[in-house]
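S.K.: If you want the building blocks of each chain, they are given just below.
Protein chains: 2
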Amino acid sequence: MTTPNPNHYPQTTFTSTAFGPSLLTDRRKTIAKTTIHTQLDKLKNTGRYDCFKLQWHPTYEDHSMWPVPLHLFWDSDIAKWIEGAVYFLASFGHDEEVDNAIQELVEMIRGAQQEDGYLNVHYTVVEKAKRWSNLRDMHELYNAGHLIEAALAHHSYYKNNRLMEPVVRYVSLIHKTFGPGNDQVHGYPGHPEIELALLRLYAETGNEEAYSLAHYFLSERGNPKGQDGKHYYDWEREQRGEHEYLCPSTYPRPGWYEYCQAHRPIQEQDTVEGHSVRQMYLLTAVADMIYLSESSKKSLAEGEKPWKQALYKCWDNMVSRKMYLTGGIGSVKQWEGFGIDYHLPQSSDEGGCYAETCAAIAAMMLAERILKFDLNARFADVMELCLYNAVMTAMSTDGKAFTYTNQLGSSEADKSVREDWFWCACCPPNVTRLFGCLGGYVWHYGQEEKTASSDTYINVHLFTNARLEFPVPGGKGKATLEQKTEYPGESKVSFALDAPEGTNLTLRLRMPSWCKSETGLSPGKLGQDGVSTKSGYLVLPPSYTSKNKRFSLDFGNFSPRWISPHPYTGQRTLSLARGPIVYCVEDADNAWESNHFKDILVKPGDVAEEQVKDEKTGETYVKLKAKGLKRDMRSWEASSLAPGWDDVQKADVAEEEKELIFVPYYFRANRGGKGNMRVGLQKA
Amino acid sequence: MTTPNPNHYPQTTFTSTAFGPSLLTDRRKTIAKTTIHTQLDKLKNTGRYDCFKLQWHPTYEDHSMWPVPLHLFWDSDIAKWIEGAVYFLASFGHDEEVDNAIQELVEMIRGAQQEDGYLNVHYTVVEKAKRWSNLRDMHELYNAGHLIEAALAHHSYYKNNRLMEPVVRYVSLIHKTFGPGNDQVHGYPGHPEIELALLRLYAETGNEEAYSLAHYFLSERGNPKGQDGKHYYDWEREQRGEHEYLCPSTYPRPGWYEYCQAHRPIQEQDTVEGHSVRQMYLLTAVADMIYLSESSKKSLAEGEKPWKQALYKCWDNMVSRKMYLTGGIGSVKQWEGFGIDYHLPQSSDEGGCYAETCAAIAAMMLAERILKFDLNARFADVMELCLYNAVMTAMSTDGKAFTYTNQLGSSEADKSVREDWFWCACCPPNVTRLFGCLGGYVWHYGQEEKTASSDTYINVHLFTNARLEFPVPGGKGKATLEQKTEYPGESKVSFALDAPEGTNLTLRLRMPSWCKSETGLSPGKLGQDGVSTKSGYLVLPPSYTSKNKRFSLDFGNFSPRWISPHPYTGQRTLSLARGPIVYCVEDADNAWESNHFKDILVKPGDVAEEQVKDEKTGETYVKLKAKGLKRDMRSWEASSLAPGWDDVQKADVAEEEKELIFVPYYFRANRGGKGNMRVGLQKA
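Top line first, the protein sequences correspond to chains D and R. Each residue of the first sequence is one higher than the one before, starting from 1 at the first, in our numbering. Each residue of the second sequence is one higher than the one before, starting from 1 at the first, in our numbering.
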């Protein structure tokens, strides 16, 4: 285990990274130039921008949704925009409009705080007397969590307490309100988020109330007898006088607290269940607690020690049985979350596929947290998979349009198209937040655990043109590490290292699990100068790094490969991938298609590659071509009198050979077309 | 179109049929000897038997279920048992215990009727003031429907009105209560059943109130503004003061009236949706209404003429997209009903498969009704498919144990096992009712439509050893038709016909759609003596039947065939069928299996047949043997670090050749074992 600073979070360390030209940088520039501004316009046009003025808004009269009214997350929409915007100010420099808006919003938030510290729009304006009356559904603590994250970002950039100060007061009120005491409420949020925010608040500012509150929320979660001998959510429902069977329509049945991972205590949770974003946010906080305990900053109670095992079980369950090839998670629309094991239909007309953008982002957050105490490429592989596929597919190349769900196959009812906003606008600002602090996901660095203070490490998780600069432990100056690469387009990465004399630097470089050949190191090789591999990372110890300041990695053959989901998914499909990029077909390239590629069969045959530049978007990418067979199965229906037929009869259906053009899944839905798209094609 | 008597229902005509030795007869004998009695014991042991005494029962205090309490269908349990028992008395002769029980139950039912004619246990004993307050959920009219069917059976056998008289009084009260008048309630049952019962009551006794009430329930169904400008179920919910989002947990969302096919008027329903038994019972009544209008007994209003088109669309949607290879329908457990198109997972660990026994029985009822006005083998094929597979698999060979759901694949959570009763005991007595009047499904007969009164027809839908005897139209005596066959074990059926001189008999014999070769007729051939085919039936006109009293059919090669579901189901499986029988593998024969045959791959290769007699059950059947490949995919999970892997890596998994033994799906779960079973095996 390695010991980063306790405040070593992507949200704080990203400023140590400067990006060079790359696909990721293109997106970051687009967000800085466009997305931040169009999202600000959306906040203004929808009433969100002014919500902390605590005036009435016509939207508050909308009762079309229950229990969550349309405006319930407005607090978080503001907070997430501030947070993301601050990251881009920090990376791309001053922006008058953005800066003014942040400062104005902060003053409005300050003005909205109640005398006792309470700070929530809905329960101050709409339902004044009902604070904390519905933790299960009403996102009060979720909104608070995002305010905390906004305050941390704001404080870090503006170096003042204009936002931090009211937020810390609010945290204090919440800390006083919730806890094990007889005069305290034994509740916890239906939508986890505040926990991970509180732990960052503690780690970055030393706020002990924040730690204690996060710990309480986590340890109380799922207690079957938490309040007056009852599950808290049952108890509070009774307090509200609601019928036992009255529950959100996201629940498949009353009392299905799997939805919010409150069906049992964390130590007893061994599979990922329910709402996938909630599950990921919760586990991210759990991982952070484990890190804090393993790095001896805080300790867990005896009953909480199994949290680590629960975390691993949940991770394994997710990755091996509940994750799409794209890194998307959540196959069920009703609860925006996980289905049963291996339930991974590609499209809604096949019975599922939700793969919410926020969930893939949150899976990256979780992976990053785990890597802090368990450096294993299996976590970083998934982090990268999510980034380049399930996450990046969510934003258009122009930065103005988004997807909320990221299906692997389109249908007439759910075409592969984008929207410019959502009533529940969680995803677009989450993309902004992630890309804003993306530098923090590229590498971890710090002082090697339990060693001399000059022992320093850099663990490289992602490969892209970027430069890391940080003060080495012991105050001897700065170390820099620069990567130069065409990755993910090509397989070679060159490194240039510069560190003060005697830094004792260990470098660990992820070797992607999908590589077909051994990772090549130059100069050097395994076993020489102490070079070794561990848990999927190539380890270059001080004996190597002191001698070699310029070196390169090659992950070998980047030729396209055919991949399949597990047979238990029932998905007998083949998909194309190249490097970390999963591909799809869409009708923009295959204009003859009108049935969402449901009738296309492929064999794992030859694939041609071609580097192309798309005129419309300016995007450069590697296009793939392969042969497919179109067998129009729609006609089979009319001829089948009974449900099923002789297998031999299938030959009667006309077949036509087609050349299929594949583009990166992240590039889909950028060039018009009819919205036909698919990742996995039937295996012939 | 042909014209049976208006009262030509299986429930009335079955007495014209005498069965000879066959698989079906074995089951009928078992039910007569065992099932009727064990079910009577169950009625007595559970409190059901005495419920019409209107005493309190401890079960009435159970509030574990909402909105339907455990005892809500007790009325129907009694009614269905009476109905089924009467059919067996009529077929197998007097049985002291059964006869006594029927008579006692009838007297108790008579005694339970209220002064105004009301007759329902729950609303007389438990919720006295709440009659008709929740038509959507509370099965009041459903129970009434089964009482009507019991009364018709009872009247027919006992030739008295002891049950008919109170039931007709109750129908009168319901007719007065519901209707279009300002002083009437504009509601209709959440669980259709009474409609088909009322139409039989009209057809068999001429009760015009019954017809008018059935017609009202059907035509009012799904009216979006039926009561005070609102959907009736919304209106009654408001009357109850219930929250809009409070709904049964069978609903995926509030207001999902697809559950009970009340989401829109019948003429606008073009797919089968929601609860599959409700859907089938509703369409059975619709089919009967269409028959009554086409046979000019009654006429439909202008707006109801599209009912026929709606019925066909629903049928086609069901058979081509929502029916399992076994004839099972309903892939979703939550609402015991239909999923989206092509959603046909085999097992609950694959995300579905309900295939309730009652639903398959009801699909047979629907097919039989349609055959009355549209003689097409595509309806009879499905009727037979359901009978020999989805229905027959529901009862053990000893007649004492049942299944409620009929999955095509087992799993650890849902093994292939039987129960001896269910709290919701709809299925076991439905099997009894069906087998009791099974003779009525074998053939339709009567006077040829719009022809001379001596023109007679017999349409033979099912093949089994049986003898039909009925008075020919015109009062000239009796016709008899006898079938002799080993069907479904063998492909040949011999017929012996005897009809009075001048009967002008047309015989139509179904040619199963799965036959690989042309149906052979001997003596004779197509085009000779007017022999022709029409809509899947071989037509033997009077010019043939007047000359040939002995003839036979041969459906050709009965060798096993591999069948597949539609590729859009995502089920890339092969199943074995032989004749109308679908096969399965289970661990009773393949004792090495412990993973529910999930790892078995097959190719459409050679299949060996062997006639065997099982010692334990005494059952004779054709056993099939084929080669399979066991590839234990459980181990793949541990080795996959990311969700997906190169297709070529699959070769790493060890393979082992296995001899697979298949038995008829209807025979599963009769010989112990570990509950591993599967119909569709992965296609290699």
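Some hints could be false.
The list treats identical chains as one, so a pair stands whether inside a single copy or across any two.
Said to hold, decoys possible - Calculated pairs, SDA-like style, for lysine to any residue (alpha carbon to alpha carbon, straight line, at most 25 Å):
no. : residue 1 : residue 2
1   : Lys333    : Asn317
2   : Lys476    : Leu300
3   : Lys298    : Glu656
4   : Lys159    : Ala129
5   : Lys230    : Pro67
6   : Lys630    : Asp341
Hint data in this document are derived by calculation from the structure and do not stem from the laboratory.
S.K.: Evaluate each hint against the coordinates.
M.R.: A quick look at each hint next to the structure:
1. Lys333 - Asn317: both (19 Å within a copy, 24 Å between copies)
2. Lys476 - Leu300: neither (35 Å within a copy, 94 Å between copies)
3. Lys298 - Glu656: neither (65 Å within a copy, 52 Å between copies)
4. Lys159 - Ala129: neither (36 Å within a copy, 69 Å between copies)
5. Lys230 - Pro67: both (22 Å within a copy, 23 Å between copies)
6. Lys630 - Asp341: Between copies only: 21 Å across, 31 Å inside.
Going down the numbered hints, you'll see the structure goes against 2, 3 and 4, while the others check out.
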